Amino acid sequence: MFWTVRYWFVPLRGINQYPFVLTNLSSTGKLVSPSVLSCFAAIFQSAGGFFPTIGYGISIFTTLPIFMAMIISKTHGFLSYFLTIFLLVIIQPSELIVFPFTTGLLGISLGLTFHFFKKRFFIVFFSAASLLSGILILIYLFKFPILGPALTNFNYIGIIIALLSSFIYCWAWVEFCRTILNRLMKTSPDNQVNRTV
1 MFWTVRYWFV PLRGINQYPF VLTNLSSTGK LVSPSVLSCF AAIFQSAGGF FPTIGYGISI
61 FTTLPIFMAM IISKTHGFLS YFLTIFLLVI IQPSELIVFP FTTGLLGISL GLTFHFFKKR
121 FFIVFFSAAS LLSGILILIY LFKFPILGPA LTNFNYIGII IALLSSFIYC WAWVEFCRTI
181 LNRLMKTSPD NQVNRTV
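Just so we're aligned: the sequence shown equals residues 1 to 197 in my numbering.
You may find that some hints are simply not true.
To be verified - The calculated lysine to any residue pairs, modelled on SDA-like cross-linking and capped at a C-alpha distance of 25 Å, are: (1) Lys30 - Leu79; (2) Lys30 - His115; (3) Lys118 - Ser35; (4) Lys119 - Thr53; (5) Lys119 - Ala129.
Said to hold, decoys possible - Taking CB as the label site, the calculated pair distances span: (6) Arg6 - Pro93: 17 to 25 Å; (7) Lys30 - Leu163: 31 to 39 Å; (8) Arg183 - Phe82: 24 to 32 Å; (9) Phe144 - Lys186: 27 to 35 Å; (10) Pro93 - Ile58: 14 to 22 Å; (11) Phe50 - Ile168: 26 to 34 Å; (12) Ile161 - Phe122: 21 to 29 Å; (13) Tyr7 - Arg183: 17 to 25 Å; (14) Ser27 - Lys143: 42 to 50 Å; (15) Arg178 - Phe50: 28 to 36 Å.
These are calculated hints, taken from the structure and not from any lab test. All of these numbers come straight from a predicted model, not from anything done at the bench. By construction, the Cβ of each residue, glycine as well, lies at the ideal position given by its N, Cα and C atoms.
Turn these sequences into a full structure, and let the hints steer you where they fit.
Given below as structure tokens:
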């Protein structure tokens, strides 16, 4: 019990403790990073349309470039989000309804929660709430069967399934993002902080 509470509520490393975020990017790098990350996000998101089977697995990683842009700065994150939407208009218009409310929205919410919260529970909770909102908008407002055709009509079971799916999915993403940040931090020449979390 104590381990569970500690796992969810122990403070994690803050964004300002990842030195690569502030020191490894030049002014030029910060200028072009939204464009580069947006290109990766658009390619990942479009994969499901170009490669219907394996592509859906690849499209999951669309969240990562948006998250990384948010970590560089919140302005970069929102800029990458909208640039990706613009690129999808050209590359894969069919993904326009999915990206803003799922993978893209999750990247934004993960980035924001990593900036504003240090405890794992709040990061996962608010990210999951954001993703759940996007899923419910797709299902009940746009009637888009993102969780299958059986859940397009309003019902509490559908909401519970979406809630549990969002929480578990965001939990996995939080751990994945922390792993990515820790690995990037280890490559930083200015890494002088304690690596234990």
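Now the hints, each set against the structure:
Of the supplied pair hints, the one linking Lys30 and Leu79 holds, its CA atoms being roughly 12 Å apart against a limit of 25 Å. Note on Lys30 and His115: the hinted pairing holds, with a Cα-Cα distance of about 18 Å set against a maximum of 25 Å. Only pairs whose Cα atoms come within 25 Å are accepted, and Lys118 paired with Ser35 is rejected, the gap being roughly 28 Å. With a C-alpha separation of about 36 Å, the suggested pairing of Lys119 with Thr53 is violated against the 25 Å cut-off.
Of the pairs offered as hints, the one joining Lys119 and Ala129 holds, with about 16 Å between alpha carbons and a cut-off of 25 Å not exceeded. For Arg6 and Pro93, the hinted distance range of 17 to 25 Å is not satisfied, since their beta carbons lie about 47 Å from each other. Between Lys30 and Leu163 the CB atoms are about 37 Å apart, so this pair conforms to the stated range of 31 to 39 Å. Taking the beta carbon of each, Arg183 and Phe82 are about 28 Å apart, inside 24 to 32 Å as hinted.
In this structure the supplied range 27 to 35 Å is violated for Phe144 paired with Lys186, their Cβ-Cβ distance being about 40 Å. Under the hint 14 to 22 Å, the C-beta atoms of Pro93 and Ile58, about 18 Å apart, fit the expected range. A hinted range of 26 to 34 Å holds for the C-beta pair Phe50 and Ile168, which are about 28 Å apart. Here the CB-CB span from Ile161 to Phe122 is close to 23 Å, well matched to the stated 21 to 29 Å.
The hinted window of 17 to 25 Å between Tyr7 and Arg183 holds, with their beta carbons roughly 21 Å apart. Taken as a hint, the range 42 to 50 Å holds for the pair Ser27 and Lys143, whose Cβ atoms sit roughly 46 Å apart. One distance hint, 28 to 36 Å for the beta-carbon pair Arg178 and Phe50, holds here, with the actual separation near 30 Å.
Of the numbered hints given earlier, the model fails hints 3, 4, 6 and 9; all others are met.
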